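Enquirer: Chain residues, written in single-letter form:
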Amino acid sequence: MSRRILHVDLDEFFAGVEKLDNPQLRGKPILVGGSPEGRGVVSTASYEARKFGCRSAMPMRQAMKLCPQAVVLPVRGARYKDMSDRVFAILDRFTPLIEPLSIDEAFLDVAGSERLHGPAVEIAKAIKHAVRGELGLTISIGVAPNKFLAKLGSEMHKPDGLTVIEESDLPAVLDALPIEKMWGVGPSSAWRLHELGFSTFRDLRTADLARLTEAAGSWAGELQKLAAGQDDRPVTPDSQAKSISAEQTFAQDVSDLDELRRVLLDEVEHVSRRLRRHGLSARTITLKLRYGDFTTLTRSATDAEATNLTEVLWSRAEKIFAQWAARSPGALRLLGFGTSNFRQRGDGAQLPLFEDPRQTRQRELDRTVDAIAQRFGPAAVRRGRTKE
Amino acid sequence: MKVIAQTHALAEGLSLVGSIVAGRTPKPVLQCVKLIAADGRLTLLATDLEVACRYSLPQVEIQKEGEALVPADRLAAIVRESMEDTLTIAVEKETCTITGSGSRFTIYGYDPAEFPPVADFLEAPDAEVASDVLTGMITRTLFATAKEHSRYAISGVLWEVADKKLQLVATDGRRLALCKGALASAASRSASAIVPTKLMSLIQRVAGGTEQALATRIGETQILVRSANAVLVGNLAQGNFPKYGDVIPRECNRKATLNTGMFLHRIRQAALLTNEESKGVRLSFNGDTLTLTSRAPETGEAEITLAVEYEGEPIEIGFNPAYLVDALKVISNETVNFEFTAPNRPGLLRSGTDFLYVLMPVDLG
Numbered sequence: 194m195s196r197r198i199l200h201v202d203l204d205e206f207f208a209g210v211e212k213l214d215n216p217q218l219r220g221k222p223i224l225v226g227g228s229p230e231g232r233g234v235v236s237t238a239s240y241e242a243r244k245f246g247c248r249s250a251m252p253m254r255q256a257m258k259l260c261p262q263a264v265v266l267p268v269r270g271a272r273y274k275d276m277s278d279r280v281f282a283i284l285d286r287f288t289p290l291i292e293p294l295s296i297d298e299a300f301l302d303v304a305g306s307e308r309l310h311g312p313a314v315e316i317a318k319a320i321k322h323a324v325r326g327e328l329g330l331t332i333s334i335g336v337a338p339n340k341f342l343a344k345l346g347s348e349m350h351k352p353d354g355l356t357v358i359e360e361s362d363l364p365a366v367l368d369a370l371p372i373e374k375m376w377g378v379g380p381s382s383a384w385r386l387h388e389l390g391f392s393t394f395r396d397l398r399t400a401d402l403a404r405l406t407e408a409a410g411s412w413a414g415e416l417q418k419l420a421a422g423q424d425d426r427p428v429t430p431d432s433q434a435k436s437i438s439a440e441q442t443f444a445q446d447v448s449d450l451d452e453l454r455r456v457l458l459d460e461v462e463h464v465s466r467r468l469r470r471h472g473l474s475a476r477t478i479t480l481k482l483r484y485g486d487f488t489t490l491t492r493s494a495t496d497a498e499a500t501n502l503t504e505v506l507w508s509r510a511e512k513i514f515a516q517w518a519a520r521s522p523g524a525l526r527l528l529g530f531g532t533s534n535f536r537q538r539g540d541g542a543q544l545p546l547f548e549d550p551r552q553t554r555q556r557e558l559d560r561t562v563d564a565i566a567q568r569f570g571p572a573a574v575r576r577g578r579t580k581e
Numbered sequence: 003m004k005v006i007a008q009t010h011a012l013a014e015g016l017s018l019v020g021s022i023v024a025g026r027t028p029k030p031v032l033q034c035v036k037l038i039a040a041d042g043r044l045t046l047l048a049t050d051l052e053v054a055c056r057y058s059l060p061q062v063e064i065q066k067e068g069e070a071l072v073p074a075d076r077l078a079a080i081v082r083e084s085m086e087d088t089l090t091i092a093v094e095k096e097t098c099t100i101t102g103s104g105s106r107f108t109i110y111g112y113d114p115a116e117f118p119p120v121a122d123f124l125e126a127p128d129a130e131v132a133s134d135v136l137t138g139m140i141t142r143t144l145f146a147t148a149k150e151h152s153r154y155a156i157s158g159v160l161w162e163v164a165d166k167k168l169q170l171v172a173t174d175g176r177r178l179a180l181c182k183g184a185l186a187s188a189a190s191r192s193a194s195a196i197v198p199t200k201l202m203s204l205i206q207r208v209a210g211g212t213e214q215a216l217a218t219r220i221g222e223t224q225i226l227v228r229s230a231n232a233v234l235v236g237n238l239a240q241g242n243f244p245k246y247g248d249v250i251p252r253e254c255n256r257k258a259t260l261n262t263g264m265f266l267h268r269i270r271q272a273a274l275l276t277n278e279e280s281k282g283v284r285l286s287f288n289g290d291t292l293t294l295t296s297r298a299p300e301t302g303e304a305e306i307t308l309a310v311e312y313e314g315e316p317i318e319i320g321f322n323p324a325y326l327v328d329a330l331k332v333i334s335n336e337t338v339n340f341e342f343t344a345p346n347r348p349g350l351l352r353s354g355t356d357f358l359y360v361l362m363p364v365d366l367g
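Residue numbers (the working numbering), protein chains in the order written: chain A, 194 to 581; chain B, 3 to 367.
Chain B with its partners taken away, still in its complex shape:
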């Protein structure tokens, strides 16, 4: 095998597939990237057996077709430290030589046949979604997934496709983010699956790098995503996603409208005087004023006020400020609606018609 590739494109591809390569594994081949030079393109393959990625570089000159299996981090580091426009990669048996102007590296690889088979996305997609739409939706949901173990399968994002809509839902059991987006065209079939957090951020990376529509398909146990250059195939999370519809408040009799940026700023101020034991900030809505109070035992207290539009009986409700900040950071609309029913019932943060965030309060007694 012998190819001449553009350094920049090669670095980008290796960075993407490199993020999949298994960190620690008893199988050294899983720490490798597989190179296939054929049909006028160089394909990079990586897998950790949960997720697999194929990345194609069309801007290559193939002098000799063939395959190679090379340690991913070494190859990526060599490419990253190269300044020339192109690099030549030549492979003889299991030895890989990377030649630039004034540099020549030889690294020892493995037999490409030892690499596990990597699935391709050859079936018809369920749906197509514009990459900027998907990237935005992932940004507004991924942060809410569970970081710790739960009896529900919530360390992933619920991915639901129906008609002309894609809906993503994420929760950690304390708050829930739900985002809707339009598909590029009507879905060929409805599908629902839980996509693990790590895979979801890979999908975001793949989507972020392109401008066209992405093709997606939910299989029995896998999700497949295809962009212009990359195919991502990953295992779905198994288990039950909680019945999230039940916790979205239907009728709220207390409604506030706030300036998103100002609210974020004020919440951050109030959060300055919270600590591990008293994480909550108390929100007191009364007339056109919102008063935020917080207290860190043996440290001090904060009282912050902010003008709001508010309808309904006054309410005092406490929230973990970090959870409010998480949501307010990803809302781009100038104003945000915040609605409540009672101090011990979830609050509902809404922005436009495509994003909502349900947040359970802290226990104020």
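If we strip away everything but chain A, and leave its shape as in the complex, we get:
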């Protein structure tokens, strides 16, 4: 059966919310992000600012040089989270199969919803209509038979776009795309591919697999499939996910261990909160460490006891981080924290007779922190250690 996947992506989300809250900002270049003093980076640049070359993840100082007239605003995490929750509540009306990618982006599998809500395109239109009508925000949507094509689709006609890619559009719609659009191809692999003469999707699709393997290694087969528009990854809602993770790519490589630990703790907090929300506990944790040259390490540890306590996951993560810091420290481009090997509350697993009293207290603390974050946004409450 052919699948119907939507990729929804809010347009200039943080800037959009700022414009909504302060209509005078409409039509002006806006940079939402960290302060230009220090290491602040741009979280969102409004479309007006993008004309000047400003991009997200760019150091704020650099963006302000490109566009001195831009209105610079701090990140109001709680407000954005609140709007994001409302957007997801709208998505939830159409399908339970929602895989959130970030605060402003998600995959939806709507094959099962078509009987109730009409064809996928109509569902996409209804979502756009509701998000604009009820929240005053615009969203771009790609409709396609798989995740890869849906995501390409949502990017094609931003802002406020709706792009449908059908099986019958292949390979025409993909062939001319530059390889930089390929999922997972960053600057370093793009450079390697160009070296060997691959510059478009067509080049990848029609390449000799052996030659492509020279440039891309074991990933070549996957790459060729994607270039042909084939992707059978399912849409996995958090509640059925096999892993839940968070990662952050830095605008500039970070080698300061304290800074990295702060980022890691934020990720642990974020991931453990998602675990708790879905009644999951994890036995395995994984740290992903990518150096400036794109060399990527993953380090995992599995414990006999599954947990979703922030403090326990943090102590497990910190141990791996300390080992990495002792053996192979370096400037990182990306730091990620993931959990897997889940057990679900009510799954019939044996409960422990002796709970560490510290864990009982941690559970209470997590519950309180979650409630505050739920109400005022994740930035409203942070662990002492993450304080700057």
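To be clear, the hints were calculated from the coordinates, so they are not data collected in a lab. Predicted model, so just to flag it, every value in this text is computed and none were measured. We put the CB at the ideal spot given by N, CA and C, even for glycine. Among the clues, some could well be false.
[As the list claims (entries may be wrong)] Computed list of chain B residues with no C-beta within reach of chain A, every gap over 10 angstroms:
#, residue
1, K4
2, A92
3, G210
4, V249
5, N261
6, A273
7, S280
8, G282
9, N288
10, I306
11, L308
12, E311
13, T355
[What the hints assert, rightly or not] A short, non-exhaustive set of chain A residues, derived as facing chain B with CB atoms under 7 angstroms:
#, residue
14, G539
15, G541
16, L544
17, P545
[To be verified] Some chain A residues judged to face chain B by a derived CB distance under 10 angstroms, without partners named:
#, residue
18, G472
19, R536
20, Q537
21, L546
With the hints as your guide, set chain B onto chain A.
Expert: The following block gives chain B in isolation, referenced to the frame of chain A:
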């Protein structure tokens, strides 16, 4: 050294000390049993450096006093395969000759001086306990010790002596068995220690072979046990035993009384349709009926009912059936009490006044 020993008694002694002898060790002498023929008795000594045992055979005829150090498994096998009533063991230097009627074995041993010193139980005991009492208590607790590593020292049994009572407690972090027994006479001092599982089963073997009282003593790092024929000295486990008193439910507002044998039978039936992923059996107490349900995904389901006496609000609670079976197997009383407070709180199984078993449920959500 030269002794004539009764084959049967010798086999029994070698079987006991043989279970201590180190299985794999870089020191061959630790795979040996030391024989001492003196003062009208033959003493067998073995140790793996954690536990040591001395076993005396009084029914021997000593023709020449002396000592020997002989590989334990060889000697035990030779004695086991002998049919005559008595065997003669003679040792010249490090060579041991075992002679029966129509058989003669020569095995090469070691210098007895190379054997590590083996402690004896010469101090006054803390307590004396009838061997059948102790054997029964060990049976009702030993199965609950932890088989895997834990942050607590629970791969052993907590041994507590006070006044006229001995109390044994064992847990693996999911269930806990507690058994009380009377001492033969008041303890000379209170003592508490964690006795490793392997040592505990050796104590049970030593106790099981005798009818008199056993003398026991808890030292700084060792426990000493003495029966008529044997002395066992073993290292105690170090670490903390969890505060078990905190997890024993005090006031249960839901109480069932069940026929022990029938309950065991029904639990075993329900357990037939569980598997690795769904180990739990759901117990639903309502009025005078207990309904057991289980489900093995993609295999099938079971529903078993059983008449019970039950007081309190209905409850649905899940347990790993293996843990229930473990406890019900060692309860000899005809009826057993099973009490609860809530589906996510421990259940309490009680039999008489001297045994209780606390069991944490599985997570039904």
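Enquirer: Once the closest CB in chain A is found, is it more than 10 angstroms from A92(B)?
Expert: 55 angstroms, holds
Enquirer: Verify that the Cβ of T355(B) lies farther than 10 angstroms from every Cβ atom of chain A, and report whether the claim holds or is violated.
Expert: At about 22 angstroms from chain A, T355(B) clears the 10 angstroms cut-off, so the statement holds.
Enquirer: Far enough from chain A: is every CB of that chain over 10 angstroms from the CB of S280(B)?
Expert: The assertion about S280(B) is violated, with a minimum of 5 angstroms to chain A.
Enquirer: Mind verifying the non-interface call on A273(B)? Its CB should be farther than 10 angstroms from each CB in chain A.
Expert: Correct as stated: the minimum Cβ-Cβ distance to chain A is 13 angstroms, above 10 angstroms.
Enquirer: Would the stated hint for G472(A) survive a check requiring a Cβ distance to chain B of less than 10 angstroms?
Expert: It holds, given that the least Cβ distance between G472(A) and chain B is near 8 angstroms, below 10 angstroms.
Enquirer: Double-check G539(A) for me: the hint is only fine if its C-beta lies closer than 7 angstroms to a C-beta in chain B.
Expert: 2 angstroms, holds
Enquirer: Is the nearest CB of chain A more than 10 angstroms from the CB of N288(B)?
Expert: 20 angstroms, holds
Enquirer: Mind verifying the non-interface call on E311(B)? Its CB should be farther than 10 angstroms from each CB in chain A.
Expert: Given a closest Cβ separation of 27 angstroms, the condition holds.
Enquirer: For the restraint on R536(A), tell me whether the closest CB of chain B is nearer than 10 angstroms.
Expert: Interface hint status for R536(A): holds (8 angstroms vs cutoff 10 angstroms).
Enquirer: Looking at K4(B) again, its CB stays over 10 angstroms from all of chain A?
Expert: 56 angstroms, holds
Enquirer: Is the Cβ of G282(B) farther than 10 angstroms from every Cβ of chain A?
Expert: G282(B) not clear of chain A: closest Cβ-Cβ about 4 angstroms, inside 10 angstroms.
Enquirer: Quick check for students: does the CB of L308(B) sit more than 10 angstroms from each CB in chain A?
Expert: The claim holds: L308(B) sits with its nearest Cβ about 21 angstroms from chain A, beyond 10 angstroms.
In terms of the numbered hints stated before, the structure departs from hints 4, 7 and 8, listed from lowest to highest.
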